[in-house]
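Novice: Chains A and B are the protein sequences, given in the same order.
Position in the first sequence (from 1) plus 58 gives the number in my numbering.
Position in the second sequence (from 1) plus 48 gives the number in my numbering.
Because the hints were derived from the structure by calculation, they are not lab data.
C-beta atoms are modelled at their ideal positions from N, C-alpha and C, and glycine is treated no differently.
Keep in mind that a hint or two might mislead.
[Claimed, not checked] Derived DEER-like restraints, expressed as beta-carbon distance ranges:
| # | chain 1 | residue 1 | chain 2 | residue 2 | range |
| --- | --- | --- | --- | --- | --- |
| 1 | B | 553 | A | 139 | 24 to 32 Å |
| 2 | A | 171 | B | 195 | 43 to 51 Å |
| 3 | B | 625 | A | 167 | 48 to 56 Å |
| 4 | B | 346 | A | 90 | 48 to 56 Å |
| 5 | A | 86 | B | 427 | 35 to 43 Å |
| 6 | A | 228 | B | 353 | 35 to 43 Å |
| 7 | B | 153 | A | 81 | 36 to 44 Å |
| 8 | B | 312 | A | 171 | 34 to 42 Å |
| 9 | A | 139 | B | 179 | 36 to 44 Å |
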Amino acid sequence: MAVEPHPAAGERNHAHRFIAIWIVASLIATPLVVLLIGPIMPPGNGSTQASGHVTDNTVLIGMATPVLLLVLIYLIYAIVYFRAPKGGEAILEGPAVRGNSGVQSTWIVITSILVLALAVYGTVRLLEDGAGSGQGPSPAWPASGKKLPVQVIAQEWAFTYRYPTFGGVETDHLVLPVNQTAELHVTSLDVIHSFWAYQLGVKADANPNVDNVVFVKPTRTQTFEVRCAELCGIWHGFMSDHGRVVQPAVFEAWAREQQKRFAGTAKYLPPYSTKYVPEPARRAE
Amino acid sequence: MSAVAEPATPIPGHRPLWRGLIGFNLLTAVILGVAGYYIGWFIGHQVKGPSFEFTEATDENDIALMLAYAGGVVGFLVGLGFVNYPVARMFGRPPSLREKEQEGVGRYFGLCTDHKVVGVQYLVGIGVFFFIAGLNAMLIRTELLHPVPTAFGPNQYLSLVGMHGTMMMGMMTSGILGPFANYFVPIMIGARRMAFPRIEALTFWLLMAAGFILTSTIFFGGFPTGWTGYQPLNEQAVMGMDSYICFFALVGLSMALLGMNMIATIVAHRAPGMTWSRLPIFVWSVFATSLLMVLAAPMLIAALLMAALDRTINTGFFIASSGGSPYLFENLFWFFGHPEVYILALPGFGIVLELMPVFARKPLWGYRLAIAGMLGVTLLSFLVWQHHLFVSGINAALRPFYMLSTEIISIPTGFIFLCVMGTLWKARTRFTVPMLFCMGWTFNFLIGGLSGVFLSDTPSDTDTHGSFFVMAHFHYTIMGGLIFTFFAAIYYWTPKMFGVIFNERLAKIHFWSLFIAFNSTFMPLFVLGMKGMPRRVSTYAPNLQGLNVWVSVSAFVIGLSMLVFIANVLYSLVLARIPAERNPWGARSIEWEVPTPVPVNNFDTLPRFDSDPYQYGTPVPARGSGALGTAPAGG
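One chain only, chain B, in its complex shape (with noise of 0.2 Å):
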């Protein structure tokens, strides 16, 4: 290892055009990738057998477009270089960390083992993904302007529906981790680079390809299934399907990859002094996440991989009359999808913990009841799966215990709401922009939380279970959460990735208009799952409509923030580029003292720590306090 941190010869500035193009590029891993993807659908249409028949009639290959997947997914991989290295190895070549050292533009469209590289790229690609299934969402309200259908077939419709919970479930799922993880957390503990950077590239690439195919989907008659992809509607479902079991597969093991990398840097990777204890809150929450991720995606992964092999050889693991059984997906695909939730969430947690200090200017209050509620969340949100088949069947008797533990799990996330009151008591608040997405995640996330309870408690989930109160619910806490938390990072850090800053008129116009919007979308939906309306359907009762329009309208209103946020992004990114400040809003953390951009090593000496990062406000007299670092302010 000690031959990594040396620095390697640099690259020669200037290659030949075709030296450039033949090597291991963007261009490459397309050209290899189209064609796997030809050489895997020729070998599944060599499979010949009295079961297979119907592949040659119906010209639906299941095993063909999965192993046309998984070799294109494999070509690309390899046109990207991520076999360079352990092959050079397996000659005997020294270790080097040679596709760090690259210098550009270029390196954002390549494999690139610089963190921060890879953070913006996970930015601009999990950002397109993000616009790609808002857009599904408009035209899903636009489809519900009216009670029956009118603009889509009920297949497209579905498959809207399908690609944009999938989308946004399985991209979004790396929405802070991805950029913002990837980018700050080795800075902040102190570190030159993640502890696996190639696996780090990987989980990027890896989503990116896992994004394609779920796209692609349209190509082969889309998915009936929504997120879920409950069986047997799985099994029943069109070429379509296997678009979304790859995805969510490929998805599952980025995730788990970069949930592994996450734990290995913050364990391994601290600076000295970089204690347990003075662990910024968000890598905290970081570290929780990472945790969900790498236990709850292999499930994710086995599941899908029984569903497949359901699909293309008839194993039956899901058939009931095979012998499987349906229960077994429901309960491997939500013992994933209850801490998958709150893999979205508890980042939101982190963010909001640890930008409310820096406009409170308050050290974070209760950093350890902080601590205690991100881990009793991510301990809890294990056990509690099976309340999303309250009404399915499944052993009935255990509904007490689930709706006990669903109900605990408040507990620890009401320590959250605690400590961003306590940070707000008696502060010297700036409402900039970042500050106004973290209040507006407080309101959001309270709404969802104690809709939440609504569905925890059994009697009450037997007239919501389905219905648009869930979806409500979840937006609350997933869109609130997630999407807000995501934005306030944006607008926070980007002085930093970027070293410029967003024009502030519109970024308000952006928060206002979104908070307003998406408020007035999201709660009506509330009152219409309680007034009996299921989800996913493109149709409904007409004394609905008025509702719905409404909602409809909203939601294009979301669209509409969305394009002030594409707007500002194009104005202040590319066309001003006023240039930031060293440190915008004075925090005291450790990001904002490297230089901007960051140097590729990130520090040329390591940093040392002798206090949290929290070191704001004035020092109170002494009330007993000093329980954490009651260092002077400036460590």
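Bound conformation, chain A alone (with noise of 0.2 Å):
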């Protein structure tokens, strides 16, 4: 058996030296992973809610760097420092430490601390309107001033949008101002939907007879894909539509327009109910 050096001295030696390593690493990567990966982050700026949600991710993934890196130079340290010495049959035995309060409360309070300000943090941005999350039929966090409401009914598999301040105009294709809120109602004829548009960061449950509400505010005219993110039987993946966020004037001209083409159904169909719920769907015998 090898006869060990003095342990205090070789620990201090190695402690030093990967906190250095670490913190030097730490210190160009964390910069570098802000602002090279940071601007790329899904899901764009294509409304307040999917700028906000970037700015989340980056903040998330500048926390994360350090931590990675952490346990990733510490492995790859040990593995080249703390292996046994090739060729040697005989098992060498390490140093019987069986632990270090000074590390561990250390640790646990580091840890403690920067997942208590990640929780604050994203809290702090969920207030926010609710960070274009579905907020179910009472929001908590409602969006203040003026908002266009848009219901969106998914059924198998297709959604429908309807705009109660047009008559209940029905249309197949989610057209929104451009920097005006809207407030989604979403619900569902039948089973469970997710009503997803991936460029305005909003992402809302479909849910029979309930109503989940979720805000959005477009910052640019763009077109936005609208998918199903939950599983909703077997034409699921087919089950998607494209959006526009158009100039207020557009959106305007189009509703009326809309409104003329629909006049013809509408007489056929019950006036338009104000809350948003669906008729409960009759179960299907």
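Fit the two chains together into the complex; they arrive one by one in their own frames, and the hints show the way.
Specialist: The following block contains the structure:
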């Protein structure tokens, strides 16, 4: 059995060296990650909510980088320096250290601070109009100001959009005016779906007989994709369409045009319900 | 109970052939299982009434199929001999553990209450279903080579996705507890058997019946819901859904019984001196996992019972138009479902922390911190389930709480990482195959954990929920966590369980190809998810095809790497059979001190423990440690 050098000397050596490597690597890598990967984080700048998510994702990846490096560099360091010498048949023993209360308490304190900071940050971001997530029938964090209500009705396997402020007109594509908050009321006629407008950073489950409200404020004219994000049966993968964000004047014109087209159908439909909850679907017998 | 420990009268060695065929064995079990199936099927078709007319009109009779499955399982268990003992006791026969005292290969194919036999049965049985489910993954990736459906129809594709997910989540729940905890926990704590040996055997055979039922879904149209089985899609689906419900309910039953048995064994059957602070960390992880199993699985059984009643007699628990709520199912399912993912992860923590000291030649660093980590995860995992429902619209005001509780769970998980790092500190590590898999776990679980932070943050989760990002995340934690440690355990304990060693070259090829292909498969999925590709679809945006092809090819390499493992099993365990040394790793835990093969009763005289099993390393000059067993090595 090899004679151990005095443990304290070697230990301090390794500890200092490892921590120095880690700090230098983090100082280099974290700004690089934030500056290079941050801007290409999803989902882009299509709406206030989407831009908020980009910031969130950048903060999260910025905080994750030093943690990732800590463990990775440690593993590599351990593989390089703390391995048994090659060739020897006899098993060499390491030092019988069973813990270090200083390291343990430092670790507990630091991880706790990190985690609490993350939770507080996430909560603060969530309080901004729900950050694009479905908030249920009575939103805890409603958006302020003038809002355009749109009902999103999911069914197997398509979305229909209803504009109550335009006579309840129904269309199969979502069109929104730019720079105005839309109040989407997501619901379903049959199974659970999920309304996911990727470029707008919006996702809300569509549940039968539930009015799931989500706020979104598009910030530029664009075409965005709408997909179903909850498994809803065999054609789930094909449940998608495209929406548009347009200038307010274009939107007004489009809505009037739709209303004219819809007029023939509208008189056969029951009066538009302001509850946003569709009539309970009768159970298929 | 005292009569149990007495040596039972040996079973006569040579019975006539007809006696062997008529007795209670796998053949009888299959015959009675088929009979029970058709009896249930027949009774189900006798149910008539105004609300059941559709059963004749559509050829879809859920009542008949449910009863058929129930009858089949009962017949199967009766055929195996599970009611012999209670019936014998009713007629006043003395108690015995006769099933334990069997010999020969035959005991592996029937009811055997020897915990070591059950462990091997679990390993092989679960292994078969693991490879079936893995094959499904290969088929899924074949379909995803193209952005439009080519290989499978939409129903076939969703059934493959559902089969893969459900089989992996269901069968691999016991992936480490089944084979390795059953085999080694009694030995590690110095017991001669599990607390309830018949229940132990029952958990295995229930699981096998369940796996068979799930596979049979292909005869009834498959099921479209994935492993989550959300309502009301569940209610809408064809009869194949009944297979999912029966499968998962049986798995839940098996899990709850397994957990209860483990807890009872660890609490009541420890040998003298095996105090709680000397318990091997693997046993602690089994204990924590068992607590989760006992508390979470009944919730699953209840939810599935309600789903079954909804589908058969229209009770309407989850149907909005009948006054029920799909939210109820989501809540019940994830109240089970989130502890479930820690049921999968915790045994992996135990394996890594148990094996690393052996190869690092150091005591486990931070034993108490590791226990605190495991118990902390156990407690917190019951408080986080609504993070699966961040966009569902259920009480949004509670989201900050679930965000906080989910992020807090990374504190106890961090303890495990600190213990791993502390154990490697100034170690003399030998990078054997089991150690390589443990190192692989450390890397994979790190990525899995850090990607989980994105999902726990509600604003960020709004983008990634239901996308491939989630899929990549839980494959990193479950496949990278559970499956890597599963293989670590196989390579580590094979010399003990089978008395032979694996070919090391093939084993290393297996590790490196698996590790590289695994990361090459799942790392790009994070990108795909962030680019907006939803889960469980057979069609995607054409601009994502390049990455998808990359992922599919990498996934096929995972498949090839598994073939290397199978080749190694065939070569090393069947062809070469090179006998292993008694203690090939130089480990100091007790399972390496009992003879190989382990005698039926494990110990002639019960061992006495005077230290924990981590007596490695050269003693350090007093530095105020001594908090935990400073007894000299070799105790």
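Novice: For the pair residue 625 of chain B and residue 167 of chain A, does the Cβ-Cβ distance stay inside 48 to 56 Å?
Specialist: 53 Å, holds
Novice: Determine whether the Cβ-Cβ distance between residue 171 of chain A and residue 195 of chain B falls within the hinted range of 43 to 51 Å.
Specialist: 45 Å, holds
Novice: Quick one: are residue 346 of chain B and residue 90 of chain A within 48 to 56 Å, going by C-beta?
Specialist: 50 Å, holds
Novice: Regarding residue 153 of chain B and residue 81 of chain A, is the given constraint of 36 to 44 Å on their beta-carbon distance met?
Specialist: 60 Å, violated
Novice: Within 24 to 32 Å: is that where the Cβ-Cβ distance between residue 553 of chain B and residue 139 of chain A falls?
Specialist: 27 Å, holds
Novice: Between residue 139 of chain A and residue 179 of chain B, does the C-beta distance stay in 36 to 44 Å?
Specialist: 39 Å, holds
Novice: Regarding residue 228 of chain A and residue 353 of chain B, is the given constraint of 35 to 43 Å on their beta-carbon distance met?
Specialist: 40 Å, holds
Novice: Determine whether the Cβ-Cβ distance between residue 86 of chain A and residue 427 of chain B falls within the hinted range of 35 to 43 Å.
Specialist: The hint (35 to 43 Å, Cβ to Cβ) holds, given that residue 86 of chain A and residue 427 of chain B are roughly 39 Å apart.
Novice: Is the distance from the Cβ of residue 312 of chain B to the Cβ of residue 171 of chain A consistent with 34 to 42 Å?
Specialist: Cβ of residue 312 of chain B to Cβ of residue 171 of chain A: about 40 Å, so the range 34 to 42 Å holds.
In terms of the numbered hints stated before, the structure departs from hint 7 and from no other.
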